[in-house]
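> Using the hints provided, position chain B relative to the given structure of chain A.
For the protein sequence lines, the chains are A and B, in the order given.
For the first sequence, the positions run 1 to 347 when this note's numbering is used.
For the second sequence, the positions run 348 to 694 when this note's numbering is used.
Just so you know, these hints were derived from the structure itself, not from any lab.
As the structure is a computational prediction, the values presented were derived from the model and not from experiment.
Careful: at least some of the hints might be erroneous.
Claimed, not checked - In silico lysine to aspartate or glutamate, DMTMM-like type, Cα no more than 25 angstroms apart, as pairs: (1) LYS627(B) x GLU219(A); (2) LYS601(B) x GLU219(A); (3) LYS74(A) x ASP540(B); (4) LYS627(B) x ASP282(A); (5) LYS278(A) x GLU590(B); (6) LYS138(A) x GLU590(B).
Number of protein chains: 2
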Amino acid sequence: MVEPRTLALDAMGGDHGPDVIIPGAALSLVRHPQLSFILFGDEARIAPVLDRNPALKSKSRIVHTSLAVNMDDKPSQALRRGKGSSMWLALEAVKMGEAHAAVSAGNTGAMMAMARLVLRPMAGIERPAIAALWPTIKSECIVLDVGANIGATGQQLSEFALMGAAMARALFHVERPTVGLLNVGVEEIKGGDEVKEAHAILKGTDLPFDYRGYIEGDEIGQGKVDVVVVEGFAGNIALKTAEGTARQIGQYLKDAMTSSWVAKTGALLARGGFKVLKHKMDPRRVNGGTFLGLNGIAVKSHGGTDALGFASAVDLGYEMAESGLLVRLGSDLDGFHHTLDKAASGM
Amino acid sequence: MVEPRTLALDAMGGDHGPDVIIPGAALSLVRHPQLSFILFGDEARIAPVLDRNPALKSKSRIVHTSLAVNMDDKPSQALRRGKGSSMWLALEAVKMGEAHAAVSAGNTGAMMAMARLVLRPMAGIERPAIAALWPTIKSECIVLDVGANIGATGQQLSEFALMGAAMARALFHVERPTVGLLNVGVEEIKGGDEVKEAHAILKGTDLPFDYRGYIEGDEIGQGKVDVVVVEGFAGNIALKTAEGTARQIGQYLKDAMTSSWVAKTGALLARGGFKVLKHKMDPRRVNGGTFLGLNGIAVKSHGGTDALGFASAVDLGYEMAESGLLVRLGSDLDGFHHTLDKAASGM
Numbered sequence: 001m002v003e004p005r006t007l008a009l010d011a012m013g014g015d016h017g018p019d020v021i022i023p024g025a026a027l028s029l030v031r032h033p034q035l036s037f038i039l040f041g042d043e044a045r046i047a048p049v050l051d052r053n054p055a056l057k058s059k060s061r062i063v064h065t066s067l068a069v070n071m072d073d074k075p076s077q078a079l080r081r082g083k084g085s086s087m088w089l090a091l092e093a094v095k096m097g098e099a100h101a102a103v104s105a106g107n108t109g110a111m112m113a114m115a116r117l118v119l120r121p122m123a124g125i126e127r128p129a130i131a132a133l134w135p136t137i138k139s140e141c142i143v144l145d146v147g148a149n150i151g152a153t154g155q156q157l158s159e160f161a162l163m164g165a166a167m168a169r170a171l172f173h174v175e176r177p178t179v180g181l182l183n184v185g186v187e188e189i190k191g192g193d194e195v196k197e198a199h200a201i202l203k204g205t206d207l208p209f210d211y212r213g214y215i216e217g218d219e220i221g222q223g224k225v226d227v228v229v230v231e232g233f234a235g236n237i238a239l240k241t242a243e244g245t246a247r248q249i250g251q252y253l254k255d256a257m258t259s260s261w262v263a264k265t266g267a268l269l270a271r272g273g274f275k276v277l278k279h280k281m282d283p284r285r286v287n288g289g290t291f292l293g294l295n296g297i298a299v300k301s302h303g304g305t306d307a308l309g310f311a312s313a314v315d316l317g318y319e320m321a322e323s324g325l326l327v328r329l330g331s332d333l334d335g336f337h338h339t340l341d342k343a344a345s346g347m
Numbered sequence: 348m349v350e351p352r353t354l355a356l357d358a359m360g361g362d363h364g365p366d367v368i369i370p371g372a373a374l375s376l377v378r379h380p381q382l383s384f385i386l387f388g389d390e391a392r393i394a395p396v397l398d399r400n401p402a403l404k405s406k407s408r409i410v411h412t413s414l415a416v417n418m419d420d421k422p423s424q425a426l427r428r429g430k431g432s433s434m435w436l437a438l439e440a441v442k443m444g445e446a447h448a449a450v451s452a453g454n455t456g457a458m459m460a461m462a463r464l465v466l467r468p469m470a471g472i473e474r475p476a477i478a479a480l481w482p483t484i485k486s487e488c489i490v491l492d493v494g495a496n497i498g499a500t501g502q503q504l505s506e507f508a509l510m511g512a513a514m515a516r517a518l519f520h521v522e523r524p525t526v527g528l529l530n531v532g533v534e535e536i537k538g539g540d541e542v543k544e545a546h547a548i549l550k551g552t553d554l555p556f557d558y559r560g561y562i563e564g565d566e567i568g569q570g571k572v573d574v575v576v577v578e579g580f581a582g583n584i585a586l587k588t589a590e591g592t593a594r595q596i597g598q599y600l601k602d603a604m605t606s607s608w609v610a611k612t613g614a615l616l617a618r619g620g621f622k623v624l625k626h627k628m629d630p631r632r633v634n635g636g637t638f639l640g641l642n643g644i645a646v647k648s649h650g651g652t653d654a655l656g657f658a659s660a661v662d663l664g665y666e667m668a669e670s671g672l673l674v675r676l677g678s679d680l681d682g683f684h685h686t687l688d689k690a691a692s693g694m
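Looking at chain A on its own, in the form it has when it is part of the complex:
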């Protein structure tokens, strides 16, 4: 039986506000009819767009606020001025139990700062992380942290592994996800101290996933593991670099296929194949960074995305809410810290 779920949407977030958020939610509703929505933001801007989406309108209510976080606000500014904003209220709805997940295409730094304050880190989590879905030649994997923090201790990296595994279990429906620790391949410098410490913890502890040791950057896209653990600076750079490389090759391909009339004709004939490729490389398919380690589910969509992309973020919020991930993660964290404490006390 499919249970009804409510999502709290920041209708003002992103570069286009309600004009993308509303059609995006409408798309996701088609795929998940059990959804209903609370739309936070400027009613005068939301209502007319909602009127054009009657199916969504019948499953939504608007909570008006004239406050919105700007895309270029610093987190500190957003915290000072953003209480009562559409982003804040969406997160608060999750905290209050009125919604199962919050989704925003707004400013990432502001959203992370607010989510920490409103939802609070789970017991046993030193630092929340942002997890990204990463397309692989097999299907998808989860990479975290892609930018919530710079640097991480060995224990924090181990907590990322637990968080990522919980997400993999929820999304990929595998009981013991495989987990790898991202490292560099140059023997001399292999592993900073934190990475080595995390490796020792993950290898030596009985954990609810299948730890596969170190993996390198070129193995992420090969789908070698379900979860890739890395600190936020390198993780963010890896994610952006992969996106940039995909765009760069897309440009090469376009140039190559228009380099001659024969190539153009061939490309036209092969357009079915190119469509498959375009679909696989479409960044909107896996749009959405998930905030993990908080007492509630919050998903951040790309700010510049369109309705199709925002719908993916809404889908992600729904799947996460559906999965009972937080309860399971809570008990995994308890077990992990219990084991660490026992090891520390020499028992």
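Below, chain B without anything else, positioned relative to chain A:
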């Protein structure tokens, strides 16, 4: 006038030893007839391959050694056992002034450790770095450090900028290369302390390049700057991730173009275009990590490459040797440290 240049090659390095090194050198010789070579390694294995390359043979001499560094030796092992090995002797030939550059396809960690010991860091360099050539939609850029060290202080990152700029000047023939500092895009955590410190130094100091501030991972391949500065852990992960993404998309493309008979026929017709693409994406075109910041030029080729790829590394060694880079970098470093000292003493 083109002056003769001598390169010292580790003929035993890489997965295939002389069978790749010798034909690779022969290819490079065709492009640069002013080259001559010293080939270090097992004469019994080198001589027969050299006999099949008479043009190269007439420009080469073999220096026999039965010692070779294994691809899986740890740097510490290589240092203990590797004195007198083909890799060691190639580096020593540069130190002695017998060769203008050393090229090896051997073990990176071992080569960096030996190069530090044999060639020594330049005055004013705290840490040598490994620089990679990175293809962009415009042409190429230089990214460093891609794995000589984990972590870097603000001053070390600034030295990387000077080193990278010297290399860009040598290879791209621009007097004031543009330089960017790789950073993450999430406002809240923008810049670790070291990155911020480097930014302040680079912005506030009169330097022989055009500092353009922060850039993000997706801008590397766009060719936004000539030189991208990053500490070695994130740099290595970025490089590997880009390589992996390119391979992944190559796989998507192959699958897409064989997904139907029509697509196959189109792809056949468009094969000229695909050839252009394949050439652009060929990792052998930009094979070679350059060790920067040492008193001598050393280039590391991928271990698994073929003759074409090794020839690119030899070309790179030649171009670096040709450019008078070390002299210019030495004077740039003097100027930089002079300015820093003046600033520190408040003059």
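> All hints are to be evaluated individually against the structure, with a verdict given for each.
These are the hints, each one checked on the structure:
As the CA atoms of LYS627(B) and GLU219(A) are separated by approximately 22 angstroms, the hinted pair is consistent with the 25 angstroms bound. Between the alpha carbons of LYS601(B) and GLU219(A) the distance comes to roughly 19 angstroms, so the proposed pair stays at or under 25 angstroms and holds. For the hint linking LYS74(A) to ASP540(B), the alpha-carbon distance of about 18 angstroms falls within 25 angstroms, and the restraint holds. Under the criterion of a C-alpha separation no larger than 25 angstroms, the hint pairing LYS627(B) with ASP282(A) is consistent with the structure, at around 22 angstroms.
Distance hint between LYS278(A) and GLU590(B) is fulfilled; the C-alpha atoms sit about 20 angstroms from each other, no more than 25 angstroms. Among the hinted pairs, LYS138(A) with GLU590(B) is consistent with the structure: their alpha-carbon atoms are about 17 angstroms apart, no more than 25 angstroms.
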